[in-house]
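Q: Sequence:
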Amino acid sequence: MAPIREAPVKAVREWKVIARDGRSWACGIYAPKNRSAEEVKFLEKHDCPELFYLLHGSVKLVVMRRGRMEVIPLTREKAVVVDTWHNGFSDGEEGGAALVVERGKVSTRYMKLKKG
0 MAPIREAPVK
10 AVREWKVIAR
20 DGRSWACGIY
30 APKNRSAEEV
40 KFLEKHDCPE
50 LFYLLHGSVK
60 LVVMRRGRME
70 VIPLTREKAV
80 VVDTWHNGFS
90 DGEEGGAALV
100 VERGKVSTRY
110 MKLKKG
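Quick note: the sequence shown uses numbering that gives the first Met the number 0, first residue 0, plus one each step.
These aren't lab readings, by the way, just hints derived from the structure by calculation. Keep in mind that the hints are not guaranteed to be accurate.
[Unchecked claim] Estimated spans, in silico, between C-beta atoms of each pair:
{"id": "1", "residue 1": "Arg102", "residue 2": "Ile3", "range": "21 to 29 Å"}
{"id": "2", "residue 1": "Cys47", "residue 2": "Ile3", "range": "23 to 31 Å"}
{"id": "3", "residue 1": "Pro2", "residue 2": "Arg34", "range": "39 to 47 Å"}
{"id": "4", "residue 1": "Pro2", "residue 2": "Ala36", "range": "42 to 50 Å"}
{"id": "5", "residue 1": "Glu38", "residue 2": "Ile3", "range": "34 to 42 Å"}
{"id": "6", "residue 1": "Val16", "residue 2": "His55", "range": "15 to 23 Å"}
{"id": "7", "residue 1": "Ala1", "residue 2": "Gly66", "range": "14 to 22 Å"}
{"id": "8", "residue 1": "Phe41", "residue 2": "Glu5", "range": "29 to 37 Å"}
{"id": "9", "residue 1": "Asp20", "residue 2": "Glu93", "range": "29 to 37 Å"}
{"id": "10", "residue 1": "Lys15", "residue 2": "Thr83", "range": "17 to 25 Å"}
{"id": "11", "residue 1": "Pro7", "residue 2": "Ile71", "range": "25 to 33 Å"}
[Stated by the list, open to error] Quick list of in silico lysine-lysine cross-link-like pairs, BS3-like style, CA-CA up to 27 Å:
{"id": "12", "residue 1": "Lys114", "residue 2": "Lys104"}
{"id": "13", "residue 1": "Lys104", "residue 2": "Lys15"}
{"id": "14", "residue 1": "Lys111", "residue 2": "Lys40"}
{"id": "15", "residue 1": "Lys44", "residue 2": "Lys104"}
{"id": "16", "residue 1": "Lys111", "residue 2": "Lys44"}
Note that CB positions come from ideal geometry on N, CA and C, so glycine has one too.
Hey, can you work out the whole structure from these sequences and the hints?
A: The structure is reproduced here in structure tokens:
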């Protein structure tokens with residue numbers, strides 16, 4: 000790998016890895032396709048924590064905390080580290096995107112949400 004490499008911060012789909020270092024770490028752009036918490040149909044959980052940081056627009060995480068669903072808005076003032084069931088949505092008119100840092104190789108489980 001070159002000593003310095005640029006990684007464009009542009010979301011073209013829901014998830015795009017922009018830089019990685021083998022198994023150690025991966026960094027990507029997350030642009031949620033869901034536009035409300037009600038549109039979230041499943042949660043996911045990795046075998047390691049993920050760091051989320053708002054780049055632009057509105058991105059909110061739907062997380063499971065103490066057995067209850069909770070919505071956490073991302074802000075530019077702090078990063079959020081998630082090690083629980085989660086998904087996200089963007090309710091802004093122009094969408095939104097977050098920078099995500101996670102382990103380079105992850106195992107992911109999915110949990111379908113019940114309606115009503």
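Q: What's the verdict on lysine 44 and lysine 104, does the C-alpha distance respect the 27 Å limit or exceed it?
A: holds (13 Å)
Q: Regarding the pair lysine 114 and lysine 104, is the alpha-carbon distance no greater than 27 Å?
A: It is violated: about 32 Å lies between the C-alpha atoms, which goes past 27 Å.
Q: Holds or violated: 25 to 33 Å for the Cβ distance of proline 7 and isoleucine 71?
A: Holds, since proline 7 and isoleucine 71 (Cβ atoms, about 27 Å apart) stay within the stated range.
Q: Starting from lysine 104, check that the Cα of lysine 15 is at most 27 Å away, please.
A: Cα-Cα ~15 Å, so holds.
Q: Between proline 2 and arginine 34, does the C-beta distance stay in 39 to 47 Å?
A: holds (41 Å)
Q: Between valine 16 and histidine 55, is the Cβ distance one that fits in 15 to 23 Å?
A: Between valine 16 and histidine 55, where Cβ atoms are some 19 Å apart, the hint holds.
Q: Between lysine 111 and lysine 44, is the straight-line Cα distance small enough, at 27 Å or below?
A: With Cα atoms ~12 Å apart, lysine 111 and lysine 44 stay inside 27 Å; holds.
Q: For the hint 34 to 42 Å, verify it against the beta carbon of glutamate 38 and that of isoleucine 3.
A: holds (40 Å)
Q: Regarding the pair lysine 111 and lysine 40, is the alpha-carbon distance no greater than 27 Å?
A: Roughly 6 Å separates the two Cα atoms, so the pair holds.
Q: Go ahead and decide if the range 29 to 37 Å is satisfied by the Cβ distance of aspartate 20 to glutamate 93.
A: Holds, at about 32 Å.
Q: Should the hint that cysteine 47 and isoleucine 3 are 23 to 31 Å apart at their CB atoms be regarded as holding?
A: Roughly 27 Å apart at Cβ, these two residues keep to the hinted range, so it holds.
Q: So the hint says 21 to 29 Å: do the beta-carbon atoms of arginine 102 and isoleucine 3 match that?
A: Taking Cβ atoms as reference, arginine 102 and isoleucine 3 lie about 23 Å apart, which means the hint holds.
Hint check: violations occur at hints 7, 12; the rest are consistent with the structure.
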